[in-house]
Amino acid sequence: MADTLEQPGPKAGATTKGQGSRAAIDAILPAIYDELRRIAHFRLRAEQTGHTLETTGLVHEAYIRLAGSERLEFESRAHFLAIAAQAMRHILIDSALTRRTQKRGGGLRPLTIDDLPIVAETRSEELIALDEALVRLSVINERQAKVVECRYFGGMNIDDTALALGISTATVKRDWMLARAWLNLELRK
Amino acid sequence: MSEASDASRDWERLSEALALIIELPSSEQEDKLASIAGSDGVMRAELEALLRAHHAASALDAPVLDVLSISRESAGATLPAWSDEVIGARYRVLADAVGGGHGVVVKALDERLDRVVALKFLSSHLLENAVARERFKVEARAIASLDHPNVCAIYDMGDASDDRFFISMPYYHGETIAAKIARGPLAIDDAVSYALQTARGMAAAHARGIIHRDIKPANLIVTTDGVVKILDFGVAKLSGNAMTAPGFTPGTISYMSPEQTRAETTYTSTDIWSLGVVMYEMLTGAKPFRGAEAREVAEAICAEEPRAISELRADVPGALERLVMDALAKMPEKRPVSAKRLAESLEGP
Numbered sequence: 001m002a003d004t005l006e007q008p009g010p011k012a013g014a015t016t017k018g019q020g021s022r023a024a025i026d027a028i029l030p031a032i033y034d035e036l037r038r039i040a041h042f043r044l045r046a047e048q049t050g051h052t053l054e055t056t057g058l059v060h061e062a063y064i065r066l067a068g069s070e071r072l073e074f075e076s077r078a079h080f081l082a083i084a085a086q087a088m089r090h091i092l093i094d095s096a097l098t099r100r101t102q103k104r105g106g107g108l109r110p111l112t113i114d115d116l117p118i119v120a121e122t123r124s125e126e127l128i129a130l131d132e133a134l135v136r137l138s139v140i141n142e143r144q145a146k147v148v149e150c151r152y153f154g155g156m157n158i159d160d161t162a163l164a165l166g167i168s169t170a171t172v173k174r175d176w177m178l179a180r181a182w183l184n185l186e187l188r189k
Numbered sequence: 190m191s192e193a194s195d196a197s198r199d200w201e202r203l204s205e206a207l208a209l210i211i212e213l214p215s216s217e218q219e220d221k222l223a224s225i226a227g228s229d230g231v232m233r234a235e236l237e238a239l240l241r242a243h244h245a246a247s248a249l250d251a252p253v254l255d256v257l258s259i260s261r262e263s264a265g266a267t268l269p270a271w272s273d274e275v276i277g278a279r280y281r282v283l284a285d286a287v288g289g290g291h292g293v294v295v296k297a298l299d300e301r302l303d304r305v306v307a308l309k310f311l312s313s314h315l316l317e318n319a320v321a322r323e324r325f326k327v328e329a330r331a332i333a334s335l336d337h338p339n340v341c342a343i344y345d346m347g348d349a350s351d352d353r354f355f356i357s358m359p360y361y362h363g364e365t366i367a368a369k370i371a372r373g374p375l376a377i378d379d380a381v382s383y384a385l386q387t388a389r390g391m392a393a394a395h396a397r398g399i400i401h402r403d404i405k406p407a408n409l410i411v412t413t414d415g416v417v418k419i420l421d422f423g424v425a426k427l428s429g430n431a432m433t434a435p436g437f438t439p440g441t442i443s444y445m446s447p448e449q450t451r452a453e454t455t456y457t458s459t460d461i462w463s464l465g466v467v468m469y470e471m472l473t474g475a476k477p478f479r480g481a482e483a484r485e486v487a488e489a490i491c492a493e494e495p496r497a498i499s500e501l502r503a504d505v506p507g508a509l510e511r512l513v514m515d516a517l518a519k520m521p522e523k524r525p526v527s528a529k530r531l532a533e534s535l536e537g538p
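Going line by line, the protein sequences match chains A and B.
If you count by my numbering, then the first sequence holds residues 1 to 189, one letter each, in order.
If you count by my numbering, then the second sequence holds residues 190 to 538, one letter each, in order.
Derived from the structure by calculation, the hints contain no laboratory data.
Mixed in with the good hints, there may be bad ones.
Said to hold, decoys possible - Derived, one-sided and incomplete: chain A residues facing chain B with beta-carbon distance under 8 Å: (1) Asp26; (2) Leu29; (3) Tyr33; (4) Ile128; (5) Arg174; (6) Trp176.
What you are looking at is a predicted structure, and each value in this text was computed from that prediction instead of being measured.
In this text, a Cβ means the ideal position worked out from N, Cα and C, and glycines have one as well.
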């Protein structure tokens, strides 16, 4: 099941430019993970309201922390955002798959970073189903799948998605609408 | 490989057709679909299914972080000192806090009366904002003046030791209408009952000059006994008490009335619109006005006619559909004249 992550969806992409993208994702995973944990912490402390919980905020926080970092170089903020969307997808699906493994009583599969139960148990199966459907979509239209990855997993708005993927905002809107309908149908099968 | 590229070509063809259909007003979509598909029955069926899927609610519409489990374990080792804290020398916090609307809500034990309550706090980042603080107090007094089974009651309000301000309310067992809708369209009887109860609660508030301004499924809890409680008058203000700064647009965009999206003065008719949106969503499982971004949703609210309910769900009575569409009249004066009148219409003849 973990193979899902190795399929074309999260790996290929207009802006990741092939080689080095895997390393780029791995490099920002810890920062995204930290931000997720921080968000969980803030939710529990409940001193913050909704706006701090948005994916965009999380990704921007991670960007600010990593922008000055020497171990990482991104061509642009747009490039970073595209990588961050993949990293988010990677973390959430990995977490959902761990939930599934635990539920089935199988041996515990070690998590990439640590053992945090990030995805709610009740949501893990639907998240896995979405990820698998997204892999199938990437086979018939890779760009549409990338748009969903940026917008849903990366929490990016239309303008940023257009920048990250090097396409027009009109194309982003169209792709999003079509992919959304396709996935809706696919997930009800 | 050729199989994949066939699928890819098929989807491209459907994509182009669907994009053409979707951009038309909903009344013209059927005709366009028929003319594109022609005698191709397979394509027609596929396009119809896709069009329905386009109009349906989707998990993709909610932020991905909604899938997160927020538990003590996932929050790491540095836990807050909330639990067991005693607030206002009277309330012992029992359970983890949850964020909501303009405040934060915790479950607590009222040690004086030995009952479980919900405490709502003004968010700390709003605390220094005098307007927000005053809004919060006005809200509390306004709701306290109401005594209606469909409006969440107010027990008490006060200051916690660290300058946080709170109100205490009953702790209800049940789930929100948002949670019910997430599982799909509601049974028609349930949708009518919830709408009716909400309209009655609204009517009681309106009679005292209180407009909710943020009626949405997440603010409507249905107790395990099937009683609707309108929650979170977080943005309510007393009618005529101009507390809302110009341009300030509270509320959730999807449920906002056209006049609210334009930051115009709003009256009780804004709540009637919002209840219309909630009714539409309860019946169809889909929001009537959608868009990729808030601005597009606002444009749809102001300019577009929603897809007919009967197209999405055949068993909705015509009279009920007309009532929902009346509530969604763009002009406030074309909507049902009051929440009381709307409630009477929902009660039937």
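Hints, one by one, checked against the model:
1. Asp26: 20 Å, violated
2. Leu29: Not OK, violated: A/Leu29 not within 8 Å of chain B, min 16 Å.
3. Tyr33: Given a least distance of 11 Å, the restraint on A/Tyr33 is violated.
4. Ile128: 11 Å, violated
5. Arg174: The hint holds - A/Arg174 has a Cβ within 8 Å of chain B, the shortest such distance being about 6 Å.
6. Trp176: 6 Å, holds
Consistency with the previously given hints fails for numbers 1, 2, 3, 4, ordered from lowest to highest.
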